[in-house]
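**Student:** The residues making up each chain are set out below.
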Amino acid sequence: MQSKREMKIEEKPERLIVDGVRLDGRKKDEIRPIKIEAGVMNRADGSCYIEWGKNKIIAAVYGPREVHPRHLQETYRAIIRYRYNMASFAVDERRKPGPDRRSIEISKVSREAIEPVLMLEQYPRSSIDVFVEVLQADAGTRAAGITAASVALADAGIPMKNLVSAISVGKVDGEVVLDLDKKEDNFGDADMPVAMIVDSGDVTLLQMDGVLTKDEFMEALELAKKGCKYIYDIQRECLISKYKKVNSD
Amino acid sequence: MQSKREMKIEEKPERLIVDGVRLDGRKKDEIRPIKIEAGVMNRADGSCYIEWGKNKIIAAVYGPREVHPRHLQETYRAIIRYRYNMASFAVDERRKPGPDRRSIEISKVSREAIEPVLMLEQYPRSSIDVFVEVLQADAGTRAAGITAASVALADAGIPMKNLVSAISVGKVDGEVVLDLDKKEDNFGDADMPVAMIVDSGDVTLLQMDGVLTKDEFMEALELAKKGCKYIYDIQRECLISKYKKVNSD
Amino acid sequence: MQSKREMKIEEKPERLIVDGVRLDGRKKDEIRPIKIEAGVMNRADGSCYIEWGKNKIIAAVYGPREVHPRHLQETYRAIIRYRYNMASFAVDERRKPGPDRRSIEISKVSREAIEPVLMLEQYPRSSIDVFVEVLQADAGTRAAGITAASVALADAGIPMKNLVSAISVGKVDGEVVLDLDKKEDNFGDADMPVAMIVDSGDVTLLQMDGVLTKDEFMEALELAKKGCKYIYDIQRECLISKYKKVNSD
Amino acid sequence: MSSEDILSEIRRDYIYRLIRNGERIDGRKFDEYRNIDIELGPIERAEGSARVKIGTTDVLAGVKMQIGEPFPDTPNQGVIITNAELIPLASPTFEPGPPDENAIELARIVDRGIRGSNAIDLDKLCVDPGNEVWIIFIDLHILDHNGNLVDASSLAAIAALLNAKVPNTKFGIDKDDERLAMNDVPITTTSAEIDKNYIFDPCLDEENAANVELTVITTSKGELCGMQKTGIGKIPVDTVPNIIDSSINMGKKLREMLLKVVEGNRI
Amino acid sequence: MSSEDILSEIRRDYIYRLIRNGERIDGRKFDEYRNIDIELGPIERAEGSARVKIGTTDVLAGVKMQIGEPFPDTPNQGVIITNAELIPLASPTFEPGPPDENAIELARIVDRGIRGSNAIDLDKLCVDPGNEVWIIFIDLHILDHNGNLVDASSLAAIAALLNAKVPNTKFGIDKDDERLAMNDVPITTTSAEIDKNYIFDPCLDEENAANVELTVITTSKGELCGMQKTGIGKIPVDTVPNIIDSSINMGKKLREMLLKVVEGNRI
Amino acid sequence: MSSEDILSEIRRDYIYRLIRNGERIDGRKFDEYRNIDIELGPIERAEGSARVKIGTTDVLAGVKMQIGEPFPDTPNQGVIITNAELIPLASPTFEPGPPDENAIELARIVDRGIRGSNAIDLDKLCVDPGNEVWIIFIDLHILDHNGNLVDASSLAAIAALLNAKVPNTKFGIDKDDERLAMNDVPITTTSAEIDKNYIFDPCLDEENAANVELTVITTSKGELCGMQKTGIGKIPVDTVPNIIDSSINMGKKLREMLLKVVEGNRI
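First to last, the protein sequences are chains F, C, U, A, W and X. Numbering of the first sequence is given in the numbering used here, commencing with residue 18 and proceeding in unit increments. Numbering of the second sequence is given in the numbering used here, commencing with residue 18 and proceeding in unit increments. Numbering of the third sequence is given in the numbering used here, commencing with residue 18 and proceeding in unit increments. Numbering of the fourth sequence is given in the numbering used here, commencing with residue 216 and proceeding in unit increments. Numbering of the fifth sequence is given in the numbering used here, commencing with residue 216 and proceeding in unit increments. Numbering of the sixth sequence is given in the numbering used here, commencing with residue 216 and proceeding in unit increments.
Source of the hints: derived by calculation from the structure; they are not laboratory data. Heads up, none of these hints are tricks.
Pair ranges (Cβ atoms, derived):
| # | chain 1 | residue 1 | chain 2 | residue 2 | range |
| --- | --- | --- | --- | --- | --- |
| 1 | X | Tyr231 | F | Arg253 | 33 to 39 Å |
| 2 | U | Lys243 | W | Gly387 | 53 to 59 Å |
| 3 | X | Tyr231 | U | Lys52 | 41 to 47 Å |
| 4 | X | Tyr231 | A | Ile447 | 55 to 61 Å |
| 5 | U | Met235 | X | Asn423 | 55 to 61 Å |
| 6 | C | Glu254 | A | Ile225 | 42 to 48 Å |
| 7 | A | Asn412 | U | Tyr93 | 55 to 61 Å |
Every residue, glycine too, gets a C-beta built ideally from N, C-alpha and C.
This is chain F alone, in the form it adopts within the complex (with noise of 0.2 Å):
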């Protein structure tokens, strides 16, 4: 079924930036509100709920588990196998379903800044699956979902070293900012998702699209690193509610 007419395309506001404020009214360090549940899904053996802005991301883990076909398993460790994907009703314009060349890059990336801080070699022969839904997309949904694959891994018993948090920086109007949102992203001047583990100070994610001088490149590597240990406290809250609400059931 081809489209016949298309939707009408959303024009740039002239500033994304009007005295310090961002048109969703933060200001540039400031993360829009976050409200995140480990324990969510009943059939995985751990997940997590994220609302982070207009995102709404579910992040379940399956695992360990036997390998199929068996010529995938590893002799001396785990293998993780990452799936980032987005309902067909997750943008604007329907998405035909299945993966695209996008999710499948962000797949790989987000799958690479998880695996430092697994203990792999616990699980032999096994794999651990970390599926990300991402049910409506506001920017930043790549973060957002390593940052709910993380809960839901340590909510699935995983043995993990630490957690990763991540977040995406950028510069719209000429200006670095924090988090962007869906506006700032499509008519920004660049975007930056990082991870990291925070208590280490190691990136275990970063790509940059669009143009930075190095001098920008560095007050958005600080705003990351403050924007991580931000989310990183709401990821270790929600653990340990979710932790407290087992033990007084």
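Please build the complex by placing chains C, U, A, W and X on the supplied structure of chain F, with the hints as guidance.
**Tutor:** Coordinates of chains C, U, A, W and X only, in the frame set by chain F:
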């Protein structure tokens, strides 16, 4: 190769039943002419060719045979695979070869219609493969396919508790009729394919499209029972004559 | 991305042969310039680069190596896999990457053209993989590919009873000519690629498109024999110089 | 026999024993649904959406609308396209990849009820006769599979349609966005046979124990507008009328519940 | 060695011994075809159709026509699309799925003969120059595979074309349906080499025993209009002319037989 | 452990020992590229092409142009489509089939640099506003994989663009073919971390030994126009600024080298 000009649309006739007589001259409970023959193919282990109205359908059975890939094997029983397929030229507008959503659903419900009569425990780790090829379609192909598949399975010597017989009933011009043809199917109000084990009165396939009141449904179900009985007699006849022919050869 | 405006169609020249001379200045039994080199690739076990007219083709060989998936293995011999592929930019109008029906057929007949000279019994359960990449196409690519593949197999040290040499003959402006170029192929009357084991006079590939009388066919076959002999000498020369180079290094 | 097979056999036996005593594994009556939770409009980006939980079975339906070409035989009617994704997040048995026979059957049953009951007023979805009509995509995203996906998916689909608005302004049509015009509210009810008893809304363990299920879709008037037998079992023909009667009754109850939620939401 | 391998080796040896004595497994002469049965028009829904049996090899060809765009370099000519399906019903070695290399090669050889001989008068298939032309789909449905699919498929395709009528009325073109205009009747003949002898129309056991086959397609005038060597064997170049001669003769006989059937059918 | 695993472990240990001593397996300095060879225009059939060898890593880039529809949100701009094929000829680990995650990531990084730097003047690629624009296909054909495919592919892509001419005449546009208008020449540099040292242009053995790589793309002005961390390792955040500085410097050198080749070719 995209189509530039569409075929002319067939117009709905003013009436499909006039004075209790259908467009092709049949009464409401009358079945189209059926010609059926077992053992028509050379390579297959069992086969059946059926002409039912303008439907022309071949069913063939291979098995029990080894299952590839091996992880599909079941330890204590044979698996059945059922593939309903339509030739590109079977319908008015040429169809792209290969399975579509409709034929995948029909394959599933047909397999489930046949499975109850098969003694699968006798062939652990193997498969019984049923292939139904619609060479020309004239409504009621799934029922005709199941009817032929049942005969082909018997012809292949697969141990069966009984035969499965199938027919379609429906509503046309507000009246419940047996064995819809293509025009009745296109312009009718409801279509309900039914498969039964006639001896035991068990339903193994039941689907319904369109709208029926409870009373109409009851009437349709009664017609379907009669229809299946009629089909069953034809199936038995066919197998007996095949058996006689083999023995007299 | 659908094309909106087609490329201009190349028009057929009035004559393709004028006074016995072809458009590019060749005589009817003359072969385009050929440059051929073995051992050009680093990772492959054997390789060959050929320029033949404006054709630019690389053949590479991997093997004997283990076969995955295992059910493709043969107990008493190696299997050959042959993949003829064209780069997207090899032809005038960009082609979609990946195999099409033409390249699948060429891969099959090329494999069957090469297989007779290979001593496959020496490598049970393994595979020999031949990859032919057409970087620029100028008619006669399957013959050039087989010619290069044969050298690459020798370069890989695969035991061979002999080399296979290939060339195309055809009919242009009603005359039988050797080694058609792109224009002659597009606007000619017949094209007949031939592969031979020159020493034994055995044909291992023979295809024909277009129309030839019996007499024209006989003439074409004679030309093909001469052409293959010419190609064979180039192949031998190339392997000797590679051998010399290796030994002098 | 693997330990898993043994466990599932034990569970199966247990369910059978219970059913023989008129009981179910979670204490429900034979014609009782698990708790049903309907959330309308969770996906603001979609023209309509609904998330339906039946017990822990969890389905999200999204309705998107675009303008496209009509089918040649219905030049003045909108087009419905229904799709279901059994994403691997929802169950250890779901594999990534294009829809398999189960996903396809699921989507086609949901589609059948909507089409059979003429639920959507397709005539109102014509923009330019013969040329431009609304295409309605109904996408079902299964989030958690604990049995009876058919009823949960159908309920989510019809709730999402009731929640939907035609996005006229987004496509430059000179009309306000308006509620999608509906003719009917078809309801799908499924019962599974265990030891000759029919139990509504089987949970996953019950589905695994049962051999056959019958799905019956009914209109507001109590007519039948779609049926599907699933599973490798058989249904004695004499028991069918009873199942139909129960399904019509059950459909009525579920429809009332759904419409109450919808009305509550519209206020 | 598996028992199956041993059996096939025994059968192979037997066939070789027979051939050395000038005999074939089913008693035929080296240049003798199995019984050929041609049924014209079995599929009324198709514009043309034919079912051809050579021995127990069984192929159904259907011709469908639609109106589409011409290729940019032939704006006034119809388009031919040939497809072959080796459906798993026809042989235990055929797998479901998209056409594999054997199905593709088969379709391309059939196509080559029709195209090379200019069999269809493509100029007569132009509806609106540069814009609308007839697309001819030739679909080959292999029903039973007992060797020599190429000859059976080619014969079925050309018989179906001879049976075809252009469906003008169905597409609203103001002309009666008329017979598809043909320029030629190409015939495909295939011989297999066993122990240096060439036998026409190999049955499956003979194909399995042979290493190489040569397919030769000829026009009514006795010209060659397509060739294909298949299989991993080799053909001594000196033997080729003889095969060509025999193929031209054999093509003449088969063409006569086909045309007799067609005429009989048209009366 | 297989003998292959043992061998790769030995090689890895060897590389680590070397790096600790400030040495590399092929004698290069940490910030030294292998020999770079750029051939412009090897594929005459393409609008632009370049073959780039970095050591024995070998990539062929072809640029083809067609006329198509613009995206609705950029009705006056050309369209870029970048694709990479990791053909099995180039490495024993590459499989035939559609692009896998590595090929897709590779194409997307190359694309990112070109897009981010606004390298192609897309406004000049409008033929008929809102209706016809040039589509630029950048196809990367990996011929030999000995490490650092990203830098070799990016260099080949940008060299092929610098080599490209807009084929106006071939498409009946009344203008001479003209050089593709470029705004910038982005350069991609990749360094791999081994034992806390960052080495540029890792060869395959070094890539296999390293856990993480960082790709940095820079504009002519020394701005960043794309980044990608690849691999399962982690990068201490404090080391990032140094890598960025080195990458900007290295980008400058590579750009000079490339432009010298291009100028030499244009004379």
